[in-house]
Every structure is written in C-alpha cells, then in structure tokens.
Amino acid sequence: MYGFDAINANNGWSIAAVGIIIVFTGLVMLSLIISQLYKVLEFIENPKRFEFLSRKKGVEKKEKYTLLFLSKNQKESAKQFSLIIKTMEEHFPLPKLLRLAEVNGLGEPYNNLTTLLDAGIVEPDTEGYFIWNKERFNKLVS
Amino acid sequence: MGHLFVEFFQNTGFYLCDYRYIIMILIGFVFIYLGIVKDYEPLLLVPIGFGMLVGNIPIFKGLGLGIYETNSVLHYLYFGVTQGIYPPLIFLGIGAMTDFSTLLARPVLMLLGAAAQTGVFLTFLGALALGFAPNEAASIGIIGGADGPTAIFLTAKLAPHLIGPIAVAAYSYMALVPVIQPPIMRLLTTRKERLIRMEEPRVVGKKEKVIFPIVAFLLCCFLAPAALPLLGMLCFGNLLKEAVVTERLAQTARTSLIDIATILLGLTVGASTQGDVFLTPASIKIFVLGAGSFGVATAAGPIFAKIMNLFLKTKINPLLGAAGVSAVPDSARVVQMVGQKEDPSNFLLMHAMAPNVSGVIGSAVAAGILWSFMA
Numbered sequence: 001m002y003g004f005d006a007i008n009a010n011n012g013w014s015i016a017a018v019g020i021i022i023v024f025t026g027l028v029m030l031s032l033i034i035s036q037l038y039k040v041l042e043f044i045e046n047p048k049r050f051e052f053l054s055r056k057k058g059v060e061k062k063e064k065y066t067l068l069f070l071s072k073n074q075k076e077s078a079k080q081f082s083l084i085i086k087t088m089e090e091h092f093p094l095p096k097l098l099r100l101a102e103v104n105g106l107g108e109p110y111n112n113l114t115t116l117l118d119a120g121i122v123e124p125d126t127e128g129y130f131i132w133n134k135e136r137f138n139k140l141v142s
Numbered sequence: 001m002g003h004l005f006v007e008f009f010q011n012t013g014f015y016l017c018d019y020r021y022i023i024m025i026l027i028g029f030v031f032i033y034l035g036i037v038k039d040y041e042p043l044l045l046v047p048i049g050f051g052m053l054v055g056n057i058p059i060f061k062g063l064g065l066g067i068y069e070t071n072s073v074l075h076y077l078y079f080g081v082t083q084g085i086y087p088p089l090i091f092l093g094i095g096a097m098t099d100f101s102t103l104l105a106r107p108v109l110m111l112l113g114a115a116a117q118t119g120v121f122l123t124f125l126g127a128l129a130l131g132f133a134p135n136e137a138a139s140i141g142i143i144g145g146a147d148g149p150t151a152i153f154l155t156a157k158l159a160p161h162l163i164g165p166i167a168v169a170a171y172s173y174m175a176l177v178p179v180i181q182p183p184i185m186r187l188l189t190t191r192k193e194r195l196i197r198m199e200e201p202r203v204v205g206k207k208e209k210v211i212f213p214i215v216a217f218l219l220c221c222f223l224a225p226a227a228l229p230l231l232g233m234l235c236f237g238n239l240l241k242e243a244v245v246t247e248r249l250a251q252t253a254r255t256s257l258i259d260i261a262t263i264l265l266g267l268t269v270g271a272s273t274q275g276d277v278f279l280t281p282a283s284i285k286i287f288v289l290g291a292g293s294f295g296v297a298t299a300a301g302p303i304f305a306k307i308m309n310l311f312l313k314t315k316i317n318p319l320l321g322a323a324g325v326s327a328v329p330d331s332a333r334v335v336q337m338v339g340q341k342e343d344p345s346n347f348l349l350m351h352a353m354a355p356n357v358s359g360v361i362g363s364a365v366a367a368g369i370l371w372s373f374m375a
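Note that the protein sequences, when read in sequence, are chains A and B. Here the first sequence is numbered in the working numbering, starting from 1 and rising by one per residue. Here the second sequence is numbered in the working numbering, starting from 1 and rising by one per residue.
The set of hints was computed from the structure by calculation and includes no laboratory data. Keep in mind that the hints are not guaranteed to be accurate.
Straight-line distance between alpha carbons at most 20 angstroms, and here's what the computed PhoX-like set of lysine-lysine pairs gives [what the hints assert, rightly or not]:
no., chain 1, residue 1, chain 2, residue 2
1, B, K192, A, K39
2, A, K96, B, K306
3, B, K306, B, K192
4, B, K192, B, K315
5, A, K39, A, K79
6, A, K72, A, K134
7, A, K75, A, K86
8, A, K96, B, K209
9, A, K39, B, K209
10, A, K86, A, K134
11, A, K39, B, K207
12, B, K341, B, K192
13, A, K75, A, K39
14, A, K139, A, K96
15, A, K96, A, K72
To give an idea of the interface, some chain B residues facing chain A are shown, with a C-beta separation under 10 angstroms as derived from the structure [unchecked claim]:
no., residue
16, F100
17, A224
18, A227
All C-beta atoms, glycine included, are put in the ideal place defined by N, C-alpha and C.
Generate the whole structure from the sequences, applying the supplied hints.
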C-alpha cells in the first residue's frame, strides 16, 4: 500500500500530530520551568532583594544614557551629523555613517560618533542597524 | 599442487568479489576522504568509512568472519549497536561535554529545537507513503533529528534490519551539515533578518546548571518514558560535569568512554554495510527520505523563528532556527558562518548552541515518542 492510503491505514496523521504536540509540550514546559528557575533560586538565596514587590511604584527610573549634556563643540558636531543623516535611510549601518562623515570632512568623526552613541542620539535598532533619535537630538542640541 | 592454488584463489576476495562490494568500498573511500581531507565529522566518518572497507571484503561464508555471522568477532562488537548499548554511552559523553548555559539564559530558544523535530514526523509520513512499514517509517523519520546515536538507537529497537542504511544516511547528512544547511537558511531569510544581533545572554549561576539536568530528565522522561535510555544518560553526563565533585567521572565520560563507544559504533555500523545486504532499493529510498527529512528539519527552525518574531519584543535572528537539528556543534557553527558572511562582527555561535542542545533533547524525546507508539 502506498500514498495517503498507507498513511491512513497506519494511523500516520494522528501519530505525527500527537508526536509533534508532545515534543512541543515537553520543551515548552521545560523552557517555562527553567525560565523561572533562576528567579526561584534568587528568591531562596536572597529574599531581601524582592522587597520591592511590596514597595509602592514611582521609584525614579535610572537614566540609560551615559552622556547627559553636550559641550558647544559636541553640539556643533551633532548638527553636522544631523545633516548627513538627512541623506541616509531611517535605519543605517554605522560604518556607512562614519564613512560619509569622513568623506564630508567632519573633524574627529570617530570620537564624535562615540559621543552621539553615548548621548543616545544614535541608537541601535536591535536588528543590526542604527537610527537617529530626533527627540534626544532636539533635547540635547536645540 | 595446482588444485590447491585454484582452491586458494576461489577463497580470495578477487574471486568472490562482485560489483556491489566495489561500490561500497568506493563509498567507504568517499567517507574517509570527506573525514580526513574535508574535515567533515572526521571522528565519525573515518571509523564508518574504514568499517565499510572491513565489511565489504568478499569473504567465504561460514568462516565466521562477516558481521552477520553469529560466531564472528565483528558480530559480537555489533551487538552493542543492535541492542542499543553504544548510543546511550555516547549520550553520556555528550552530556558530560555540553554546556547548557546559553539555553538556561534564553529558554525561549528551546522552541527552535522543538520546531526542528517537525521534520522527523513529516518524514515519518513520507516513509509510510512510500510503502515502508510503520516501524521502518519511524526509524527513517528520526534521521531528520540529525542525531546519529538516536537514529541508531531507535532503529535497533524498531527496525534492526535497516540499521546500516539509516546509520550511514544519518551520519552522512550530519557530516554534510555545512553543505546542506546554508542554502536552505539563505533561501528562508532576508539579509535584514540575517543581520539581527542577539542580546548578550545573562550570566547563569552554578546552581541552575546543576538543577537543570535533573529537572529536564524528570520532566521529559515522565512525559515520554521511552526517551529514558538516551535522555537519562545525557542528563546524567551533564550532572557529572556540573556537579564539579564528580569531575573525574565526567572527564572519563567525555573522553575515553565516548571515544571507545564512537570507535566501536562507527566501525561496526560501517562494517554492517555489506554490499549484498546494503545495496537495495530500500536503502536508496532511505537516503532520499533522509535528505528530505534533514532539509525539512533545517527549514522548520528558521520558519518557526520568524513566526516567533511576530510576537517577540526582542527579535531573534532566524538563522538560529537552523541549529535546532541536533548536529552538535556543527549546525551552530554553520549558523555562525552564515551570519558572519553578512556581518563579520555578528557572533551567533554562542546563541546558536541553545537551539542546538535543545535539538538533542528534542530528538531524544521524539525518538521516545515514536518508540512508544510503535512498540
């Protein structure tokens, strides 16, 4: 017997479906357990760290940028970079921005680009490219 | 005196040889070449390749030399394959050398290992459709798990007469991971997806690493008890490694023990490919189905990763899905290689190890499920 007849006769569809479901169930359960494992261990070892659970909300959020203010020169450089950005796509690779900065004769492009990264004006988009954070630029430069 | 020479000549390989032995010897050469020159899984391909030479010396039946003759030395060594003894020993060694840290740091990647097992069950259907009996179809399907010991173990239990072709197919495709996987991965992903960078995994604590093999063993074996011999040994090996105090045992498991088991398994599986037994239409079908199974298993991972990305806040590089097949660590290396072709500064190896090791668990569970259905 061949083809669908053979599959039907041997209960193939059900075995395959149930098999896939069991494999997924097993690994999903395991991943759920191990995703909570470190929290449980942390709680057992150091329950004091979880006191925040009983505390009220509203704790001040920690600033995620390492550079909070720009000097006059840094602001000038950021403005020059913003002009280059206008010629690029919204998501851009960092080496391309650096190369354009060099081609356009911007002073110390490496240092200034690091400044923009530290200030959060240029940010990774988590997909391997970078974006220009206009809001941050306006806050620090304008 | 003349007739003695004639008698002697009639017992030589030159007289007894037929084209099937020559074909298998040539295939043995290819395996040895791939192992030594191309460096494709040499620890497996060289013993199997040489075993093919051993198994295909034409011999006078009845002398107790061939692997299928009950009083031969090779037959006794082959006992470890037919009774499923070597695969759990290999799993013990794999457990003792595997670091589950990346999996513990990002458990969601475990789903990619589960997705890859889809290939196993789809090939099971394909084998049924081609006229194989359910036991044989289950053994053929497990080739998609890309896990040689698991394939041999399940086949030994369900379809011992197919051990030769299934083992050779499974190890061939495992060795050809760097050739088979990249085109499928590139076909199923866009450049932008291949450029996705993974977040740095968190540091995993010692206690987590010790608890994991115990939890994984209990959960998976309660769910699929037939996975016990393989998963039990895998988790035990890992516990020996992580417990630190049993380092001496772990050291033996990941060096001498796994090496001995691999040598005996490789050589006897190779020797089991005797031309007159091996070269049948069924073997060709198994090779074709095995390739399909491996391709589907490879494709299922990236596709599932893309589906996961629809729901995840932090995106996963879909290339990682291809590491869901349990060819450890080759498929993880392939992910790294394909990812770095797009962006040399993108390091995916560490992240790819998570679906890779979960693929080992997944294929053992899949084997257990198939065994329990067919038993």
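*Holds or violated: are the alpha carbons of K39 (chain A) and K209 (chain B) at most 20 angstroms from each other?*
The hint holds at about 14 angstroms.
_Please verify whether K86 (chain A) and K134 (chain A) have alpha carbons no more than 20 angstroms apart._
Measuring from Cα to Cα gives roughly 11 angstroms; hence the hint holds.
_Given A224 (chain B) as an interface hint, is its Cβ closer than 10 angstroms to any Cβ of chain A?_
holds (6 angstroms)
_Proposed proximity, K207 (chain B) with K39 (chain A) (alpha carbon, max 20 angstroms)_ = With a Cα-Cα distance of about 12 angstroms, the restraint between K39 (chain A) and K207 (chain B) holds, given a limit of 20 angstroms.
*Below or equal to 20 angstroms on CA atoms is what counts here, so check K96 (chain A) against K306 (chain B).*
Violated, because 28 angstroms separates the two Cα atoms, which is more than 20 angstroms.
*asked:* Does A227 (chain B) hold up as a contact with chain A if the rule is Cβ-Cβ below 10 angstroms?
replied: Holds - the Cβ of A227 (chain B) comes within 10 angstroms of chain A, reaching about 9 angstroms at its closest.
_Can you confirm whether the C-alpha distance between K72 (chain A) and K134 (chain A) stays at or below 20 angstroms?_
holds (18 angstroms)
*Are K306 (chain B) and K192 (chain B) close enough, with their CA atoms no more than 20 angstroms apart?*
holds (12 angstroms)
_Please verify whether K192 (chain B) and K39 (chain A) have alpha carbons no more than 20 angstroms apart._
violated (34 angstroms)
_Pair hint outcome, K192 (chain B) versus K315 (chain B) [Cα-Cα no greater than 20 angstroms]_ = Measuring from Cα to Cα gives roughly 12 angstroms; hence the hint holds.
*Is the interface hint for F100 (chain B) satisfied, with its Cβ closer than 10 angstroms to some Cβ of chain A?*
Holds - the Cβ of F100 (chain B) comes within 10 angstroms of chain A, reaching about 9 angstroms at its closest.
*Holds or violated: are the alpha carbons of K39 (chain A) and K79 (chain A) at most 20 angstroms from each other?*
Outside the cut-off at roughly 45 angstroms; violated.
Hints 1, 2, 5, 8, 13, 14, 15, counting from the list given before, are not met by this structure.
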